[in-house]
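**Student:** So the sequences go chain by chain: A and B. Quick note on our numbering: the first sequence kicks off at 1 and runs consecutively. Quick note on our numbering: the second sequence kicks off at 1 and runs consecutively.
No lab work stands behind these hints, which were simulated from the structure alone. Just so we're clear, the structure is a prediction, and the values are computed from it rather than from any experiment. Please note that a few of the clues may not be correct.
Said to hold, decoys possible - Output of the computed footprint for chain A on chain B, the stretches with three or more beta carbons under 8 Å from beta carbons of chain A:
(1) 67-78
(2) 95-106
(3) 340-351
Unchecked claim - A few chain A residues that face chain B, going by a derived Cβ cut-off under 7 Å, partial list only:
(4) A69
(5) A103
(6) E351
Here a beta-carbon is modelled for each residue, glycine too, at the ideal position from N, C-alpha and C.
There are 2 protein chains.
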Amino acid sequence: MLCLSGSFSQGAVLAEEKTREDWKKLGNNFELLKKDRTSRARLGRLATPHVVIETPVFMPVGTQGTVKALAPDRLREQLRVPIFLCNSYHLHLRPGEEVVQAAGGLHRFISWDGALLTDSGGFQVFSLAQLVKVDDKGVQFRSHLDGSVHNLTPKEAIRIQNSLGADIIMILDQCVGFPASIFEQQEAVRRTVIWAKESKEVFDSPSQQLFAIVQGGMEEELRINCAREMVRIGFDGYALGGLSVGEPKPLMYRIIEATEPFLPVDKPRYLMGVGSPESIIEAVKRGVDMFDCVLPTRNARNGSLLTRRGKINIDRKQFSQDFRPLDPDCRCYTCQNFSRAYLRHLFKAGEILAAELATIHNLFFMVELMENIRQALREEVFEQFSQEFLSGYQEG
Amino acid sequence: MLCLSGSFSQGAVLAEEKTREDWKKLGNNFELLKKDRTSRARLGRLATPHVVIETPVFMPVGTQGTVKALAPDRLREQLRVPIFLCNSYHLHLRPGEEVVQAAGGLHRFISWDGALLTDSGGFQVFSLAQLVKVDDKGVQFRSHLDGSVHNLTPKEAIRIQNSLGADIIMILDQCVGFPASIFEQQEAVRRTVIWAKESKEVFDSPSQQLFAIVQGGMEEELRINCAREMVRIGFDGYALGGLSVGEPKPLMYRIIEATEPFLPVDKPRYLMGVGSPESIIEAVKRGVDMFDCVLPTRNARNGSLLTRRGKINIDRKQFSQDFRPLDPDCRCYTCQNFSRAYLRHLFKAGEILAAELATIHNLFFMVELMENIRQALREEVFEQFSQEFLSGYQEG
Numbered sequence: 001m002l003c004l005s006g007s008f009s010q011g012a013v014l015a016e017e018k019t020r021e022d023w024k025k026l027g028n029n030f031e032l033l034k035k036d037r038t039s040r041a042r043l044g045r046l047a048t049p050h051v052v053i054e055t056p057v058f059m060p061v062g063t064q065g066t067v068k069a070l071a072p073d074r075l076r077e078q079l080r081v082p083i084f085l086c087n088s089y090h091l092h093l094r095p096g097e098e099v100v101q102a103a104g105g106l107h108r109f110i111s112w113d114g115a116l117l118t119d120s121g122g123f124q125v126f127s128l129a130q131l132v133k134v135d136d137k138g139v140q141f142r143s144h145l146d147g148s149v150h151n152l153t154p155k156e157a158i159r160i161q162n163s164l165g166a167d168i169i170m171i172l173d174q175c176v177g178f179p180a181s182i183f184e185q186q187e188a189v190r191r192t193v194i195w196a197k198e199s200k201e202v203f204d205s206p207s208q209q210l211f212a213i214v215q216g217g218m219e220e221e222l223r224i225n226c227a228r229e230m231v232r233i234g235f236d237g238y239a240l241g242g243l244s245v246g247e248p249k250p251l252m253y254r255i256i257e258a259t260e261p262f263l264p265v266d267k268p269r270y271l272m273g274v275g276s277p278e279s280i281i282e283a284v285k286r287g288v289d290m291f292d293c294v295l296p297t298r299n300a301r302n303g304s305l306l307t308r309r310g311k312i313n314i315d316r317k318q319f320s321q322d323f324r325p326l327d328p329d330c331r332c333y334t335c336q337n338f339s340r341a342y343l344r345h346l347f348k349a350g351e352i353l354a355a356e357l358a359t360i361h362n363l364f365f366m367v368e369l370m371e372n373i374r375q376a377l378r379e380e381v382f383e384q385f386s387q388e389f390l391s392g393y394q395e396g
Numbered sequence: 001m002l003c004l005s006g007s008f009s010q011g012a013v014l015a016e017e018k019t020r021e022d023w024k025k026l027g028n029n030f031e032l033l034k035k036d037r038t039s040r041a042r043l044g045r046l047a048t049p050h051v052v053i054e055t056p057v058f059m060p061v062g063t064q065g066t067v068k069a070l071a072p073d074r075l076r077e078q079l080r081v082p083i084f085l086c087n088s089y090h091l092h093l094r095p096g097e098e099v100v101q102a103a104g105g106l107h108r109f110i111s112w113d114g115a116l117l118t119d120s121g122g123f124q125v126f127s128l129a130q131l132v133k134v135d136d137k138g139v140q141f142r143s144h145l146d147g148s149v150h151n152l153t154p155k156e157a158i159r160i161q162n163s164l165g166a167d168i169i170m171i172l173d174q175c176v177g178f179p180a181s182i183f184e185q186q187e188a189v190r191r192t193v194i195w196a197k198e199s200k201e202v203f204d205s206p207s208q209q210l211f212a213i214v215q216g217g218m219e220e221e222l223r224i225n226c227a228r229e230m231v232r233i234g235f236d237g238y239a240l241g242g243l244s245v246g247e248p249k250p251l252m253y254r255i256i257e258a259t260e261p262f263l264p265v266d267k268p269r270y271l272m273g274v275g276s277p278e279s280i281i282e283a284v285k286r287g288v289d290m291f292d293c294v295l296p297t298r299n300a301r302n303g304s305l306l307t308r309r310g311k312i313n314i315d316r317k318q319f320s321q322d323f324r325p326l327d328p329d330c331r332c333y334t335c336q337n338f339s340r341a342y343l344r345h346l347f348k349a350g351e352i353l354a355a356e357l358a359t360i361h362n363l364f365f366m367v368e369l370m371e372n373i374r375q376a377l378r379e380e381v382f383e384q385f386s387q388e389f390l391s392g393y394q395e396g
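Next comes chain A alone, as it looks inside the complex (with noise of 0.2 Å):
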């Protein structure tokens, strides 16, 4: 596999390829280099075969091999982005991880030398595809793509990830939406234990990392149960699944709270699907190291564009004659070169182009923000930045 060039170096730095055995020799994958006094915050490095990425992390998605609308080379050299995203589910139906894996694997397939994680496809499942029938042993469902049907069972979506070749691959688990049942919540996380037990007794790939995913719905006891079984199992990383699917911000908050103190110190914490600058800062101030959301580079391809005072819609007729850069303060290559004007022209007139600037500097702010965190970390100034942060930004 491919080595980093020095463009990582503030997002990550370089690692050899190492294999299990040897980060299991090094102790552990994460190291915990701070933690802030005021809060839960963390500053962290987690180590992956192919980069050392600094925690707190925000992750992009490539759903389906790709960042919608970036290169590898602009998402490497101009944007820093040590780690991001591909789905499983996605890459399982198409192209097939038997394609991926002939290629030499995901790295080498879509030329991304970084870091990357897949998700087991358990979210999809629950969510894009059309179910047909979800027991103990698994899932079967309908493609999104062509109706064919499908089993995923923990041992098969443990199978796809290690043919995809990720350096962070997840158990599959059971996501329910908000709100439900106590009975539907009891359930999931009854299931997803199981599942994680089947997941850790099938693994066994050198370079890679197993996550697992705590469910429990909006129920703090479910949430602390689940996450004692997780840490029971033993895993590299511990996810916080089935949040940011609806339910209020106050209660999110509330439930990465009680269930952070149950999750191992020593190992990286990452919440599912957040988000929102405002959510990762909270979510930061409760523990949470990782992160990952489409929406950066969703609302990018929408004209929804990320700015220090809050979201701008780029298609508005006040921005037609206005010649300014989106933010004047922002270094990325789009705002470096482009006018709010033209970028609503690219919009209007329907430009591919549009999708690619507005997502550059949408990435540009989180990989940004994320650096920032980090600073003032290390600083020992995070009280200080959120609270600055949040009272200029504002959520839309």
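Starting from the structure of chain A, add chain B where the hints point.
**Tutor:** Just chain B now, with coordinates in the frame of chain A:
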């Protein structure tokens, strides 16, 4: 205006900003460097306020103010494109030349420091818009966007193109399709000559060059008469319009052959809307210096990719596990980093990145073809080069 970095070195060399008066002092905008001994092919240099362009040159099309799916840094740094074409018709309707002018001109609006050419809008009015009325004064048409009625006169076409501020601008012409009656073709020539005179009279832009367009359908005598009239009026360059409109290729070549002797040797000749590698080589043989065509970029977005052996359609099943680059000898970003299987996957998955990577490849192919043509002319082996190229390339 911005000057160029060294990145244009292969396609063009750095030019200080010069006014029309400076060019006049230099004697001409075009320098003929070499004439081929076995054909009418020419090696030349076309000076513009932004760059000096080596000819023969292919100009990609950037209809609405961007080459589709490509940001200007790639176009300049990775593809070494010295000039591309924008459409006055499209930019007049959206965002409007007043917006572009307020931005500081087209170069600044779109962040492009190479050269630009705008066409007059004539071709779009006769092909894309709904024609209301044509007379000797000009054209009345309905916008293809909203049906609004607009008038385009020779003077208005110059005014719009002055406001846009491209390096090279075109007179308004009347284009007839194929086939067309002798009467239609005669009328189009008569009117285009009237319009050319009016265009020349009102043209007064120190930093722009004005090119004539020779019409005359498929009638050699009409073409020759039109060329003579245009040369009598006097322009900075001479385009052949109304070709590549559905006629057989041998007919087009015959028209070029018939017209070319009546064009001044010390001015650039531009064949509009061409084209394919084969047609470009045949037209270079017949004394043409400049080309533009949407096909390399439009085909790219449809998955039709240029190789030395001809076009291939990347979405074919046979490429699903073909892990070779599109063209193993190609040095473009796409071929250096991605396989046919990955490109096929991106097309099948409808990813925006497919359009970008395919466009990079097809334009790189065209740029390299033109570099090879110029190199062959420089080394006096053009006849041999064109034979070798055409025997290996199957037009599809």
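**Student:** State for each hint whether it applies.
**Tutor:** Results of checking the hints against the structure:
1. With 6 residues bearing a CB less than 8 Å from a CB of chain A, the region 67-78 of chain B meets the requirement of three and the coverage assertion stands.
2. Only residues whose C-beta sits within less than 8 Å of a C-beta in chain A count toward coverage, and the region 95-106 of chain B has 5 of them, enough to reach three; the restraint holds.
3. With 8 residues bearing a CB less than 8 Å from a CB of chain A, the region 340-351 of chain B meets the requirement of three and the coverage assertion stands.
4. Checking A69 (chain A) against chain B by beta carbon gives a least distance of about 4 Å; that is within 7 Å, so the hint holds.
5. The beta carbon of A103 (chain A) comes within 5 Å of a beta carbon in chain B, closer than 7 Å, and the hint placing it at the interface holds.
6. Interface hint status for E351 (chain A): upheld, as the beta-carbon distance to the closest one in chain B is roughly 5 Å, under 7 Å.
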